[in-house]
Amino acid sequence: MPSIGIVGYGAYIPRLRIKAEEIARVWGSDKESLKRITQEKSVPDIDEDTVTMAVEASRQALLRAGIDPKEIGAVYVGSESHPYVVKPTASIVAEAIDATPVMTAADLEFACKAGTAGIQAVYGLVCAGKIKYGLAIGSDTAQGRPGDALEYTAAAGAAAYIVGSKDIIAEIEETYSFTTDTPDFWRREGESFPRHAGRFTGDPSYFKHVISATKGLLEKTGFAIDDFNYFVFHQPNAKFPLAAAKILGIDKEKVIPGLVVPYIGNTYSGSSLIGLAAVLDKAKPGERILITSYGSGAGSDSFSILVKDLIEEKRDLGKKVEDMIKNKTYIDYATYVKYRRKLKGIGE
Amino acid sequence: MNDMFEYMKPKRDVAIIGIGCTKFGELWDKGLKELVVEAGVKAVEDAGITGNELQLLIGGNMSGGMFAGQEHMGALLADYLGLNHIPAIRTEAACASSSVGLRIGYLAVASGLYDFVAVGGVEKMTDVYGSHATTALAGAMDQESEATIGLTFPGVYALIARRHMHEYGTTREQLAMVSVKNHKNALNNPVAHFHKSVTIEEVMNSPLIADPLRLLDCSPITDGAAAVILAPAEIAKKYTDTPVYIKASAQASDTLSIAARKDICTLEATRTAAERAYKQAGVKPEDIDLAEVHDCFTINEIIAYEDLGFCKKGEGGKFIEEGMSEIGGKIPVNPSGGLKAKGHPVGATGVAQIVEVVEQLRGEAGKRQVSGAEIGLAHNVGGSGATVVIHILSR
Amino acid sequence: MEYAVPFHWRRFKERYHLIGSVCENCGSYFYPKRSICPKCRRKGKLKDYKFSGKGRIYSYTVIRVPPSGFDEYVPYVVAIVELEEGCKIASQIVDCDPEDVRIGMPVKACFRKIREENKSGIILYGFKFRPE
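Protein chains in written order, with numbering that gives the first Met the number 0: chain Y, 0 to 347; chain F, 0 to 394; chain V, 0 to 131.
Hints are not guaranteed to be accurate.
Derived lysine-lysine pairs resembling DSSO-like cross-links, with alpha carbons at most 30 Å apart [unchecked claim]:
no.	chain 1	residue 1	chain 2	residue 2
1	F	K261	V	K49
2	F	K183	F	K41
3	Y	K131	V	K49
The set of hints was computed from the structure by calculation and includes no laboratory data.
Produce the complete structure using the sequences and hints provided.
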């Protein structure tokens, strides 16, 4: 059985940023305490959405993979902000990357872990020999309720992964998931903003699933913490992933390279996957990465990824996460509210 | 592309024996039908005919459909003018709709097939809300590649203005001078939309519409109608002491979208139509005593000076700055106030320009009279220059 | 005005991939696609051509009074971009402050939302250009 893994990866982070202190200014919140949550977050431009970011990230993944897009047999887009409730993001992406028409596609939703669920789906299809390459994307333009704590972190971004068995740059050695019915964060049909269960989103939700999935993966693979050079966790804020690392006995230094939330906020379905891309931008062949996503509702997907030699050749063919983080322009809260369409009556 | 036109000689000359024009403005009390009848009746009375002589009716209208839900304008004209059952058609070429109609009327009489033809133009633009008017006017550009991506009419001419400023150093002040001159001229035009002068500062401080063009660079949304009566030149004097003869009627087309042009600082259709018109009339640019040109936006008047041969390419800004296009200048341009100050009811503009030229050649232009006017030119542009029609008239 | 789906659907591939035409007879490039070469007419040989997406700004404006469907985007930059193949096209410029746009600026095509007619209609996607 040939090794199956990542053939190409790409990310997209919008250019606009709003500082947490600017949001705090409008709502009268305490700026100092916010510093531990996030500094600033990315904001999609008025003409960007889950689809456009997914396309940009996928095009970067294709540049690295160097494959004929027509050989992609499946496209899955995971998001909680698909622009259509009915009509898939995935078919638009598939058309925009010229993978159509002989292929399957679908949209996924599982809060912030819909992207990694997509990776498991294409991984399965490739393992079964049913498709040559599969593309899985996590992309979100998360909406934060005005004045709510989550408004400081709800951000926008996308990451795309092409999975195959030929010329892989990082092997997916194993995957392990942990899923329960835990409603810590949800949005009903027709509602503009999600709701969350406050402090319940911590221990019984994020931590229980992230830690269980990670421990489960270690047990399944027989690997120990020391076998991994990098750990990437879902990043709703800067606190949680570092706290999870501490609980698992992981050295902070192994988490920091994949920690992007302080600079771009929580990109929801893109969150752990952009973190993974940031690590792949610098990891050396032979190094091993553990990534555990988390989606409210709730579940975690954990992966063991072994970096291969080919990454040195392919890495520079696409944009790096670090460069996208640095490419930024700040906007104020009024412009933010205009772009995030929280204003009524425009053009009516 | 070679000009394949060996200019066809008309079987006979054509004269304008009657003219009529409504007031231009925001005419809340009048709909399409009232405007059409008003202009038509004025023209018929001015020609001294009963109306029974009319054999063909041509109405120019850009967008009755989008502005008033009304297509089938030919039938509407014939019906409401009481001219059932003569043939009646609507001609459309965006802002050049009625000059294209005038050309068809000219061809009908010049060919010998028709004697008396009425040609008019009408547009009722104020029955829709703001952005819907912008959308309707965008029909003059390429819908799929220009309107779909958010380009507007002022946007197209702004692209032209910026490039002209970049290539030739045309200044913002020179653009403003066009607006100032035309507003000044309109003070003496009873039918003009605006009777208000503006200064260069006021133009340059008016709200931005599409950089660098501002509100006072742009012709307004106007309602209005105009009409003329055509007859064979040989019998014109039976109806009027002051017939005006159509010495040239020329039309040229160009790419629909602005991006497809080789050089956006010139309207190749103007240069082509002008060449044909000058040749047909046997005159040169220097012989023109006055011109009504298509200043839908100030930049377009500046480019018209160049394309009509009144000055060298790139020197349009200098031409107006030196006062050459004032009444009393080298070639008075837009003595009526132009589209900017007289108003631009899109479908009516072509014929309205002709009405002004006729009044000037008859010596009936009052305080805006160009003294000794013998040869006049009307220049009407559709869209961003995809259609250009030029008429040269003489006493 | 909201057109039924086919009006835009038939242009999806051209708008997603920046596909126009090249005439193999005279070597001219066109965007949008043409059914007949305007220079050669029936002597022309038109083929689909996917542009590289690289170009320079030839002229630009900032739209401040929008047509319907574009109200929330104001102010936005529309430019004529001269593609490296020589053909000029009209498109929006993004990822750039309107004040920073210049004639001659190098730009590259990206994938963006073009517009939504209204809350319930389909969303149109296509290319725009951003500074390279």
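So, going through the hints one by one against the coordinates:
no.	hint	result
1	F:K261 to V:K49	21 Å, holds
2	F:K183 to F:K41	26 Å, holds
3	Y:K131 to V:K49	26 Å, holds
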